[in-house]
Amino acid sequence: MAILLIAEMREGEVRHATFPAVTAAKQLAELLGTEFDILLLGKGAQAGAERLKDLGAANVLWSEAEAVAEYTAEAHAQAAADLVNEKGYTAVLAAATTTGKDLMPRLAGLLDAGMVSDAIGFEKGDEGIVYLRPMYAGNAIARVVIDTPIHCLTVRETAFDAATPGAGSAAVAEAPVNVDAGGLKAKFVEYQLTKSERPELTEAKVVVSAGRGVKDAEGVKLIEQLADALGAALGASRAVVDEGLLPNDLQVGQTGKIVAPDLYIACGISGAIQHVAGMKDAKVIVAINKDEEAPIFEVADYGLVDDLFKAVPKLIEKVQAARAS
Amino acid sequence: MKIMVPVRRVPNPDVKVRLKKDGTGIETEGVNFLVNPFDEYAIEEAVRITEKSGGEVFLVSIGGPENEETLRAGLALGAHRAYLVDLGGECYESSGIADILAAVFKQENPDLVILGKQSVDTDNNQAAQMLAAKLGLAQACFAYKVELQDGKAVVQREIDGGLEVKEVELPAVITADLRLNQPRYASLPAIMKAKKKEVKKVTPADLGAEPKNRARVLGLSEPPPRKAGQKVASVDELVDKLVNEAKVL
Chain D
3 MAILLIAEMR EGEVRHATFP AVTAAKQLAE LLGTEFDILL LGKGAQAGAE RLKDLGAANV
63 LWSEAEAVAE YTAEAHAQAA ADLVNEKGYT AVLAAATTTG KDLMPRLAGL LDAGMVSDAI
123 GFEKGDEGIV YLRPMYAGNA IARVVIDTPI HCLTVRETAF DAATPGAGSA AVAEAPVNVD
183 AGGLKAKFVE YQLTKSERPE LTEAKVVVSA GRGVKDAEGV KLIEQLADAL GAALGASRAV
243 VDEGLLPNDL QVGQTGKIVA PDLYIACGIS GAIQHVAGMK DAKVIVAINK DEEAPIFEVA
303 DYGLVDDLFK AVPKLIEKVQ AARAS
Chain R
15 MKIMVPVRRV PNPDVKVRLK KDGTGIETEG VNFLVNPFDE YAIEEAVRIT EKSGGEVFLV
75 SIGGPENEET LRAGLALGAH RAYLVDLGGE CYESSGIADI LAAVFKQENP DLVILGKQSV
135 DTDNNQAAQM LAAKLGLAQA CFAYKVELQD GKAVVQREID GGLEVKEVEL PAVITADLRL
195 NQPRYASLPA IMKAKKKEVK KVTPADLGAE PKNRARVLGL SEPPPRKAGQ KVASVDELVD
255 KLVNEAKVL
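Chains as they are written, first to last, in the numbering used here: chain D, 3 to 327; chain R, 15 to 263.
Wrong hints could be hidden among the right ones.
What the hints assert, rightly or not - Derived contacts from chain D toward chain R, CB cut-off under 7 Å, selection only:
| no. | residue |
| --- | --- |
| 1 | Q29 |
| 2 | G116 |
| 3 | L134 |
| 4 | M137 |
| 5 | A144 |
| 6 | V147 |
| 7 | D149 |
| 8 | T150 |
| 9 | P178 |
| 10 | Q194 |
| 11 | D264 |
| 12 | D303 |
Derived from the structure by calculation, the hints contain no laboratory data.
Built from N, CA and C at the ideal position, the CB exists for glycine as well.
Isolated chain R (complex conformation):
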């Protein structure tokens, strides 16, 4: 089975972002970038499938030359090869990214696409569903468990209030939620091996893609801060404040 896994490069989600003063974006100096955490679950799931039943996993990362680092990190987790789509300084939101991913799909005709349910920087949660719509494929978002059967996948999905079971015909687009698996850590030999794996560098034009942005961010601003709170010394004082000051009990 051939599995396509798009991966995104995101600023370390455990560090609070700083906005540029003019609101055009975030400060990137001194910020380290990682593979989007949900994409690691996607890579792990894809690699496990090929470890069990054969086939290959190829990654796709869209951005600039720096995305090679992201791809090497993904290749060290067991993916076999990768595409780096260099935008030459252009920037696309989810629908433009889906345009490019659709073009890669058409070149490779994978049996399955697995990707993270959302990237933890822009939090859009759009590209996978848009990709499925553009290609006329079924989708199974927020996967908790994926079971492959003959020509189809049975997916338990995380939904409000529990799980939903859905059957999708392959090829399909699946997005990974956080209980899907426990991603492995890259071993040193795997990291060394990843350096030799193929990273094919292409442009959207090479793929025959004509990506476009359908939405635009005009600017970013800081959210209103919460006013400073207070420490209470005891449960008694806490209950007293909640009853008499905050009036929420």
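Just chain D, same shape as in the assembly:
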């Protein structure tokens, strides 16, 4: 009655979000009094499996079979469903990344299983495991139970610490994958990834975000300079993405990325409900906005009412001076 974590690979590398998801798998397995396995599919999975074997899993299963060499929800969900049925796993989880969100509901559909999205914690209740998850842009925490024999869930990576190596050695083995590559109705074509030297938004210790107040490309450049001075990731509010000033995958909020860095600096962001949902779990929030009535100040630990075009250059200078000393 073990449980299964589906790890995530891209272009031959295990993605970071897998590590907090391993912690979630470990917690859930402990509550259920069972152990957890990890499944890793895609090119480079064999080498990736070696990286995952000392995180506390009982087994790490991998496959580089043709049908699953590149990610498609169709092939990966089918391969995972076959494995779940064969091994009798009672719960399957993945990180709530764009891949996890694409894959897991399809897998739940194939398994006729109930699903919880974006779990942030687990409790033992009268009816078995109770999953905690945010709803209504984080303004409510729901307690959810699943009524099917198999439970499917995605877990919010910011709610769990990244698993670290050292917890025993898992048995590593090739997973049986019998998905017919020719029978699939979907085909991966290519990635068109944004190349950036900055840290990933969901992994960064410091995030600097641009809102409507930055106005144009020049304003964005200023916020980028602040991010670089701090070694921070760059984020954006939906308004900035809608304007086409920054790409969608930098959008912080209810329908974009959920971040929880040590320090979040919101520049020219009003603080709409949808944006706050994506960053309110940051340890320290700084808001710089010239409108003192802006709702962002209600969640900010430190609020500076000032024109960002005056304040941010000064802040960059100060940060650079502090870093140099």
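Once you have looked at the hints, place chain R on chain D.
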């Protein structure tokens, strides 16, 4: 081309919800309900396809009689007709909704299903993928751009770190992300015309659907509030506090 667009009725996402004291749900009194914003992108995309190459767009909304308002708003954006699936007071989570949508699909056999990537109330982001799995169709979630070719769609998808290009055989299920298009505003003549469009009222039984819930919300509670912050007067004071008080610089 025949395109099915499921639409959901959601509380206005720009207003903070209030929870009922007993935690069984949210207060709905005085709350205005709208078409789920992501579904507007889905309607717009479907309407643009039929405007360009012909065909029709039909909407499906699942809930109660009040969903007619949601459907009329969608019809005013250019959809041609609609189904209102009346649950008679029952309530279903994503997998039950997918059961019903699968039954509508089987009645209509559309060439394409487009819907919003998630509803902004429950934020589940599940129904579309579950529907595709139940029907054995391909899926292309979080669409940034959709290009229809002979019997297939080439979709650029929003993923962590950029875009992914995927080809799916039709019929397929596509979910709309926010850069897919800029939804139009309904004109007054379009709103008038929408009042006359067909809204077919059915029950799950009429569709031959046997929806079931596979997950249950036991209750809702308020998240822990953030402690009150402070205003700083200058950049100097801000940096000083970040270094010496918060110790994050």
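Right, here's what the structure says about each hint:
Proximity of Q29 (chain D) to chain R is violated relative to the hint, the smallest CB-CB distance being about 19 Å (cut-off 7 Å). Proximity of G116 (chain D) to chain R holds as hinted, the smallest CB-CB distance being about 3 Å (cut-off 7 Å). Hint status for L134 (chain D) relative to chain R: violated, with the closest Cβ pair at about 9 Å, above 7 Å. Below 7 Å, beta-carbon pairs count as interface contacts, and M137 (chain D) has one with chain R at about 5 Å; its hint therefore holds.
With 7 Å as the threshold, the beta carbon of A144 (chain D) comes within range of chain R, its nearest partner Cβ sitting at about 5 Å, so the hint holds. Satisfaction of the interface hint for V147 (chain D) is found here, the shortest Cβ-Cβ separation to chain R being roughly 5 Å, below the 7 Å cut-off. For D149 (chain D), the interface hint holds, since its Cβ comes within 7 Å of a Cβ in chain R; the closest pair sits about 6 Å apart. The criterion of a C-beta within 7 Å of any C-beta in chain R is met by T150 (chain D), whose closest approach is roughly 5 Å, and the hint holds.
Because the beta carbon of P178 (chain D) sits about 21 Å from the nearest beta carbon in chain R, more than 7 Å, this interface hint is broken. For Q194 (chain D), the interface hint holds, the least distance from its beta-carbon to any beta-carbon of chain R being 4 Å, beneath 7 Å. The criterion of a C-beta within 7 Å of any C-beta in chain R is met by D264 (chain D), whose closest approach is roughly 5 Å, and the hint holds. Residue-level restraint check for D303 (chain D) holds (minimum Cβ-Cβ distance to chain R is 4 Å; threshold 7 Å).
Hint compliance for this structure: hints 1, 3, 9 are not met, and every other hint is.
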